[in-house]
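Novice: Could you slot chain B onto chain A? The hints should help.
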Amino acid sequence: MFGMSTNNVSYNEQGSLESGVDAAHENSSIPASVSGGLFSADYKKNEDLKEMLESNKDSQKLEAMKRIVGLIAKGKNASELFPAVVKNVASKNIELKKLVYVYLVRYAEEQQDLALLSISTFQRALKDPNQLIRASALRVLSSIRVPIIVPIMMLSIKEASTDLSPYVRKTAAHAIQKLYSLDPDQKEHLIEVIEKLLKDKSTLVAGSVVMAFEEVCPERIDLIHKNYRKLCNLLVDVEEWGQVVIIHMLTRYARTQFVSPWREDAVFDENSEKAFYDSEEERKVEQVKPYIMDPDHRLLLRNTKPLFQSRNTAVVMAVSQLYWHLAPKHELNIITKSLVRLLRSHREVQFIVLQNIATMSIQRKGMFEPFMKSFYVRSTDATHIKILKLEILTNLANEANISTILREFQTYVKSQDKAFAAATIQAIGRCATDISEVTDTCLNGLVLLLSNRDETVVAESVVVIKKLLQTQPSQHSDIIKHMAKLFDNITVSMARASILWLMGEYCEHVPKIAPDVLRKMAKTFTSEEDIVKLQTVNLAAKLYLTNSKQTKLLTQYILNLGKYDQNYDIRDRTRFIRQLIVPNEKSGALSKYARRILMAPKPAPVLQSAFKDRDRFQLGTLSHTLNSQAIGYLELSDWPAVAPDQSVRIVEVVEPVKETGAPVHGKSKPGKSSEKFYSDSEEEEEEEEEGSSSEDSSSSSEESESESESEENSDDSNKSSSSQSDSEKKKKTLKNKKLQQQKPDGKDRKQKNGNAVKGQSRSESESASESSSSESSSESGSELDSDSDSDSGTDQKKNTRSKPVQSTLVTKVEKKEVSLLDLDDFSPAAVPSPKSSILSPSLLSDLQGLSISPTQSALQASSPVFVPETSHELLHRMTGKGLSAQYHFTRQPCIYGNSMVSLQLTLSNGSDQALENIHISEKSSTGQNIHRFNAIERLEPQASVTVSMGVDFNDSTQAANFQLCTKEDEFSVSIQPAVGELLLPITVSEADFSKEQGKLLGMNESSATITMTPENVSSQSVNRKVVSVANLGVIPSSQENIHRFAGKTVSSGCLVLVSVALKDPDAVITINTERTVMGSMLLRQLKTALTNSDP
Amino acid sequence: MIHSLFLINTSGDLFLEKHWKSVISRSVCDYFFEAREKAVEPDNVPPVIPTPHHYLITIYREKIFFVSVIQTEVPPLFVIEFLHRVAETFQDYFGECSETTIKDNVVIVYELLEEMLDNGFPLATESNILKELIRPPTILRSMVNTITGSSNVGETLPTGQLSSIPWRRAGVKYTNNEAYFDVVEEIDAILDKSGTTVFAEIQGVIDACVKLSGMPDLTLSFMNPRLLDDVSFHPCVRYKRWESERVISFIPPDGNFQLMSYHISAQNLVAIPIYVKQNISFFETGSSGRLDITVGPKQTMGKTVECLVVTIHMPKVVLSANLNATQGTYNYDPVTKILLWDIGKLNPQKLPNLKGSLSLLSGAPKPEENPSLNIDLKIQQLAISGLKVNRLDMYGEKYKPFKGVKYVTKAGKFQVRT
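Here the protein sequences line up with chains A and B, keeping their order.
First residue of the first sequence: 852, per our numbering; consecutive thereafter.
First residue of the second sequence: 145, per our numbering; consecutive thereafter.
Looking at chain A on its own, in the form it has when it is part of the complex (with noise of 0.2 Å):
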């Protein structure tokens, strides 16, 4: 790598990283061989250095700067060459310029002066075209350390927020902090600054905020409340790095916001919940449970949970910390595998991670004892590895396991590692006075060590059995015996220390070898450790109590040589036994009493672990390693009694993209209102919500406690003279109103922008109501809640541009008489929760009388029943080079044409760049006929769009392959339906039915038997189940045991008839179409979803 260019060059540049590494330790000499003396060497080098930097070759000045990085990383002094280096700072060479700012940066705190004249060129290059120039100015401006220059930097740190590059964005962000650790008093701007980053919709950005936010202003949670959603929403796409903060920050934010989900009374429905989050669908519709969770806390623990899978330990350890201090207890059985997984990772990793799985344990044996033999010591593992997971081994350990864990710790006591055999030892005598059966086993066990070879298990055991003792004394008089034969071979203090306490306080049990031992240790007495003579003069006071006659001049002696000891702690206690148990005239009442004193039952000590209350700190942090509280460790707060406000996460969008959309997104509603006329309470909530939200006019808001119709606001509120939940309550005017009621899809919070609601007026046109929900797709993160204001411009824009497309909508509509409504995100929430009536049969059927007029013909298409809220991939944004597209099945009638299916199409534009001119090329390589949507013109970035289409797939489920173009770019893409979608409902009467399917009989008629699964039985979710496969009508039954649906095909025509016999537990399927692949294909998809228990 280095100079190459001459000999000479070369030469000095081995020379100088040679003596780089002698200086770097001994401060040694340079080696003669470069030249003379060590002085003239430095001084030498650094003239050469500096004519080197003035030189007018590029190639002369970056090999000068590269032996000047070297000797920086050898942590030399290089600061007299700071004038020359300088002056290179605004050089065109990329490599030089760097590495000058590698060099400005470590010495501009040393040189002020000299530093500022290189201001300039910062300043210059923030403006330059080039986001990298920017961003690395931006980033050496702010990591020199002169404070003459904060008010610059300060400027350019605002100009940088709002570029339109975020990775200058995110350098801003960095930025905040060098400026803040510069100048605390800045604080208030920089908070300004965050507020503003707080709110960048980049993935880029986003960590980076958050960690200035941390750094800065910790304490000012109230700026995260608007931001609290679209984190939980980007988190997934956010690099590493950034996510580890994230994670800890909104864990914190989530326990000073939502109540304690870990109240006794709040017995999850485990079924239910995994329904929701099938459906992702966080509403919680259980009134009758005392503690439901909110939905932004749910928010939180669903969009975290995909990172359990992250590669990175530490995104791994922040998720399992959040779920540890945030998830319901019944939740937590996540974390262990990730946990366990990571043990497989480095030994630093496994130390830390052993740490926490420790103070886990602790609490939660249950959750990692399945994985106990994860937790065996291996030979090779470092020391305190084996300590950590012993530590982890006695925490689990119960009656069932004690047997294999004790059996192993037998292994582990004659290991090499003797710290390590000391500490099993411990472990031992843990599990001895924990699980009392098998106590005698441990100390069994433990006295067979004493006879041990080793020194350290000898004295180990012995303060172990000292322990274990006390709990039982009388019945171990042989033990104190053994022990007394062993004091003269140990030498261990600790260990002698202890044999003398248990004399002492069992000299009751051993009369005849206690005052031996004593005897002996006034012989050694002087030459013993501190500890020692402490417990020498405990045992002698003992001694003298209850055996004066054998022990008096022993006591004395004892006494007399603790007078005189040089510690005074032992000059002390010398002095106080002697007043106590010595009677004379000065001492008191209190001689009385000493037999009392020294001789006190004394309870037995509790042998508990080294992790026992280290969750007071927050897993994963450094206070909970060091187990004392790190400079800048932020508290866990405790949960609040009562939550907090939650609208203040509420975002108020006006959602720009929503007008474009020609095709409405919304809901029909028959099925949704009549749920909530069962709910009182929920209304109540709605209304007050409608009523807060009439005031403010604007348009959005996506939160709602459990209903999607509290959410809804109307968009003008001119326009808006009635609202929704009016109307819906109004049962009588159910059947006017299965048009207009739209719903802005409140649920769709996964998605999580609001809902703006168009045209909402049901007196002037039946159908001409739209409410369009925001950009789909989840998995592009990229959601749009930008806040009104900025936005409102584009989004007039918007509005006029949309115009023509929705009126043609509305002519069609018109003619058509069907409901356009869009049921996009209907959600199949409301469907399982017990009280969906959106199927009951009567209701049903009322609704299919509504739906044709009686003089149409039996073939008239009906409305859907259910749409489901599904949607497919066209295309992933990746491959779309930052356009993606998904698209669902309205199942509604194509209003392009009779025989065309109708899609739904979200484009949605994650690049940077405005996507121009988007359309579907002419040419289709298939045969199908395709509607296309009308070309777009232009789509921001982070925008959406909602364009429907028409695809006739001549029934058959063959894809339909088109290209997808914008200005620069042609996708392939293919739509496959399923044979489901390519029917459309009918209504027709039993008897009608049964007409028909008599003629389809023989060939026509396929069918199968299937077993239902019991919760599969009810009639509503046999219903529920055929019409989210198949777009079907319902057929009232009389009986009530055969469900009857009926359908068309959309292209062709033909009777689709499907009845389901119920014989309990058995069940027949049986389909009636002429179309007889299309019978067989759709008989099996029914089989599948009748017979799968999932709801």
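Mixed in with the good hints, there may be bad ones.
Stated by the list, open to error - Computed cross-link-like contacts, DSS-like style, restricted to lysine-lysine with a CA-CA straight-line distance of at most 27 Å:
{"id": "1", "chain 1": "A", "residue 1": "Lys1269", "chain 2": "A", "residue 2": "Lys1224"}
{"id": "2", "chain 1": "B", "residue 1": "Lys317", "chain 2": "A", "residue 2": "Lys1265"}
{"id": "3", "chain 1": "A", "residue 1": "Lys1265", "chain 2": "B", "residue 2": "Lys557"}
{"id": "4", "chain 1": "B", "residue 1": "Lys337", "chain 2": "B", "residue 2": "Lys554"}
{"id": "5", "chain 1": "B", "residue 1": "Lys557", "chain 2": "A", "residue 2": "Lys1818"}
The set of hints was computed from the structure by calculation and includes no laboratory data.
Note that this is a predicted model, so its numbers are computed, not measured.
Specialist: Positioned in the frame of chain A, the structure of chain B alone reads:
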């Protein structure tokens, strides 16, 4: 977060320092040296050392201590993980991470450290991005650079940094498009004296070497994805597809990377490919002992066991070994007390055996614990868990790539207690 970094070798020489904030005197490392001395073995140095004003977080890797200085609360794993990432980056750039290579490439090392952290917070850690910013050294390039004065620093912002695919650079072009996947499984096991399994689990990784042009979107599917219940992925893998379909769908980084790792735990039965019959005993008198080890195949699924090595850490009192190996060579190092028996290929017809006597320090008591055996082995073309890749599909690009999957099983921490 990370204030400074010091690199220290095993003999205690501090050979590189880098500060991201104001300079911290290297005397802070004295606390480290103190702990280092106390620990005796480098492995036993505690990863976190508190000092009065700072905290030192240390990793030990490739005979180098990476000592980072922290001033405020930070998740320790964050720092540890980052330091390992630094070591991996050095390895990636220079082929190995050693004191010599770091010293030889000190300028690139400095440039890398400068890019990886800004004010102590990780900035660019993805190897694909770093390589665009700072080109790795090659002999040819260093020649060209010195002659022309051009640099090894990238001139533009890496596209990956800004795109939604931060791990892949744009405009990748290869004439031969190829994608190779290595399924590497390691068996971690503890066998007890009698040969029964105390504990066994499989740690697997899928390493990929993908050299494909453009923006390929790959989907890797398995014959038996149910085996994998505990996995972790490279950030490029789409969690959702895995959750719903159990396929691994990803846009790969360019070059070598670890696609995923998985862990098949002890609950499932883990096949143990070999058995070991051993008898190590020390006599009470005569300062000697006997050793007799035989290795044989157990569940090898019809494949050959290769690179079989048995390592024994002998007790300190063992002075020398006089053994006879029917196959392979043995070596006893009286300083480290390590007996190494390199067997090579395991021949099921003629089982390798190592037999002979050990001489102990005279007068020393016989060791209480028999040393445990660490086994190393390799089985080609077999994933011991039975995991099989079903197919690899590529979307988004037109060309036909060359694809390959290789399976290897190795012994991980495979220990036989005696």
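Novice: All the hints need checking, so say for each whether the structure fits it.
Specialist: Now for the hints, and whether the structure bears them out:
Note on Lys1269 (chain A) and Lys1224 (chain A): the hinted pairing holds, with a Cα-Cα distance of about 22 Å set against a maximum of 27 Å. Under the criterion of a C-alpha separation no larger than 27 Å, the hint pairing Lys317 (chain B) with Lys1265 (chain A) is inconsistent with the structure, at around 60 Å. At most 27 Å may separate the alpha-carbon atoms for a hinted pair to count; Lys1265 (chain A) and Lys557 (chain B) meet this at roughly 20 Å. Of the supplied pair hints, the one linking Lys337 (chain B) and Lys554 (chain B) holds, its CA atoms being roughly 22 Å apart against a limit of 27 Å.
With a C-alpha separation of about 56 Å, the suggested pairing of Lys557 (chain B) with Lys1818 (chain A) is violated against the 27 Å cut-off.
In terms of the numbered hints stated before, the structure departs from hints 2, 5, listed from lowest to highest.
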